[in-house]
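Trainee: Okay, here's what each chain looks like letter by letter:
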Amino acid sequence: MVTLVLPRLISYEGAARRSGYVVERNAATLSRSYWLVMISGFLEPVLYLFSIGLGVGSLVGDLTLPDGRVIEYAAFVAPAMLASSSMTGALSETTFNFFGKMKFRKLYDGMLATPVRPIEIALGELAWAMARGNIYAAAFLVIMVAMDLTTPARAVLAFFAAILVGFAFGGLGMALSTYMKSWQDFDIVVSVQFTLFLFSGTFVPATSYPAALRWLVEATPLYRAVDLIRALTTGSAGWFQLLDIAYLLAALALGLTIAGRRMGKLLLK
Amino acid sequence: MTLIHARGLVKRFEGFTAVDGIDVDVQPGEAFGFLGPNGAGKSSTMRMIGCVSPPTGGELRILGMDPVREGPKIRARLGVCPQLDNLDLELTVRENLTTYARFFGIPRKVARARADELLDFVQLTERADSKVEPLSGGMKRRLTIARALVNEPEIVLLDEPTTGLDPQARHLVWERLFRLKQQGVTLVLTTHYMDEAEQLCDRLVVMDAGKIVAEGSPRALIDRYSTREVVELRFAAESQEPFASKLDGIGERVEVLPDRILLYVEHGDEAVAEVQGRALSPAGVLVRRSSLEDVFLTLTGRTLVD
Amino acid sequence: MFYVLEYYLINYRRVWRGSVLSSFILPLLTMLGFGVGVGAYVTGGVEGVPYLDWMVPGLIASTALQVAVGESTWPVMGAFSWDRLYFAQAAAPLRITDILDGHLIFVVLRTLLSSAAFLAIAAAFGTLHSWWALLTLPIAALVGLAVATPTFAYSATITVDSYLSILYRFGVIPMSLFSGVFFPVESLPLVFKWVAYAFPLWHAVDLSRAATLGIAPAWSTAGHLLYLALWVAAGWLLALRQFRRRLVL
Ligand SMILES: Nc1ncnc2c1ncn2[C@@H]1O[C@H](COP(=O)(O)OP(=O)(O)OP(=O)(O)O)[C@@H](O)[C@H]1O
Ligand SMILES: [Mg+2]
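Protein chains in written order, with the working numbering: chain A, 1 to 269; chain B, 1001 to 1306; chain C, 2001 to 2249.
None of these hints come from the bench; they were simulated from the model.
Backbone N, C-alpha and C define an ideal beta-carbon position, used for all residues, glycine too.
Hints are supplied without guarantee of correctness; some may be wrong.
To be verified - Covered, in the sense of this in silico footprint (three residues per stretch, anywhere, with C-beta under 8 angstroms from a C-beta of chain C), are these stretches of chain A: (1) 34-44; (2) 132-146; (3) 202-216.
With the rest of the complex left out, here is chain A (with noise of 0.2 angstroms):
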């Protein structure tokens, strides 16, 4: 599907290079306060995993998979807080700050007076919203090894895994901040995002969820992608987990197509 819906937006000869001039500039921007900001960003999954993990880890004890397999509770916890929180940062700069660039800064608007195209812009913030991701990610998954809470080998796997769980909300981040009016709205988009946190299986599976919810819970995008880098570092992944990277491609195209449409129609009027 993405390779199918890519090519024909940005069918446009040289719109990898002008998606990374929008790059370029964020990186222009780096400041102080935002290298702060990065660490910190770094430091929360890990908190969470300190806490969660091994604090309750430590009441809870062993947890039984579905498939029998015995693992600590600390093993269990920590591909969904790297699953989270690849969501939280893929999120927090495709709405936000994506927002904010593109209704109050105005700063589309002087970047579209250039050769540069909506989808381009849209491409280049994805880009540059993964490249802080993935070190995120990247960092969590060593400390994961660290801990013994998954082999180096599969942490490679959930690294791919987890750049990917980045883009698929990247692009839906971005297709809703082309609908948003004002700040408020964000209220929800937090509240939303908080709740797929507490319910995707993060905490325990989700077959101890009542049936309805459970259904509920397996059709959302965090709980797919839960699903695939638990299935990862835990190494019991299968084919099923085919359909975790199907839907989260999907999800990637379907965000890309309609923030790149919105955004052409928003800008450009």
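Position chains B and C with the ligands against the provided structure of chain A, taking the given hints into account.
Mentor: Below, chains B and C with the ligands alone, put in the same frame as chain A:
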């Protein structure tokens, strides 16, 4: 070749017609102006020419290309200074120019060199490493103009380049724009200052409510739509209206404004003498040459700047 | 001072819907998603009570913290840097302490409101073991004030809002995660245990837990209260100093 060619160009916003079928031709090397009051549709026209606003109707070709299909190619050869500065507040003055140059695919080294040249051109070299926020309005404006030149454009679009600037800053901008014109760059600008239009434009159109009401060089427009001189009279009274009838027969035309009366005449001094001969004693008398302001007043019955 | 408070109350009437979401629905979801979900796996309970019952008082205190900090960050910074509300107030015949206290009282009222709502829900779920539970309200107000005052000082100092994210990441989030809300502080390594003791939130959590479960707190009640009062006093002085610096030129 005609650089900008428009026939029956229309722009509508949700039923509201901002540009209502205008014809425009801009030739290489000329300085072309859109003169008109607030809401005339100047900016809407400029945005269509800048390929960031698709026309609702009519024909528009820029550099011989279609702005909707070949937007990026056209924009690569345009420089745009929008009505409201949209500088990048997170970057420094110099970075604003270098990153913008990159959007045109200009190599980094070239971009840096050109940024330095342009900063010098608009006299901002001293502020090169300051952030944009603390700059004065005039400095921001000059930076926006410099940014519009970073790709060495063939056409520069300037939407009210000097609105909000003090006289000194305006003259600086005019002088720089004049130099650009001498270098053979085509200028398209909008303004509601007649002196700006007279100073800079070879040819201009007067716009009102989305339509073009007159076209020509500033001189030709004045000759055609106004008299040689104008006498401005101010009477110290609540309303100027009662005095108008007493001025009947002096000059070609009488225009009554809320705060003054304008007499359109060939010879100002003779008219003043005649006014005094009728035992009228206005508190203020001013004789001046006709300007585009008067052209506009004649054409629409309204003043340009309100 | 009451004029200032009145201003915030009137303003709040316009936006209260949004705050219901963040200060009420989200903690409720945490209780359901985390407390009930994880609780099912904590087979033995904690310290002899079911996990949910054990966690709820911590969550009430932690919600008080979130609301208090939330109301003391962007709104305070905005009142200096964006809509310049404080400057407008300072131009009226108000003293600096009126401006500061008026806003602080509003923050405390907001904190009380969400804590009360949360307490009602906790009661509906049958997680409260004692009538002492009503004391969680003044405790929430106290911890709210203990964190709001230094946060006011911080928000009055910075001018770039990314420093607020830093406050959350280095202050609020670690505090919420390691103050004995989700698991007992005693299971932390020694150094972290003392870090937790230093957090004002832990003291409120311990007090609230004692109140809802009807047991004695781990520390002396007076010690807890004194420590929180110390934060209030120090934070207030800092905030006043920063407000003076910004408003009196
Ligand atoms: N995006 C938009 N949506 C709806 N109406 C618009 C939009 N942009 C412009 N208009 C309307 O079109 C008309 C012409 O606006 P335009 O900005 O082109 O005028 P202008 O001649 O540049 O005026 P000014 O001197 O004030 O800049 C105005 O009535 C304006 O309200
Ligand atoms: Mg305009």
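Trainee: For each hint, tell me whether it holds in the structure or not.
Mentor: Each hint, compared with the structure:
| no. | hint | verdict |
| --- | --- | --- |
| 1 | 34-44 | holds (count 7) |
| 2 | 132-146 | violated (count 0) |
| 3 | 202-216 | holds (count 4) |
Going down the numbered hints, you'll see the structure goes against just number 2.
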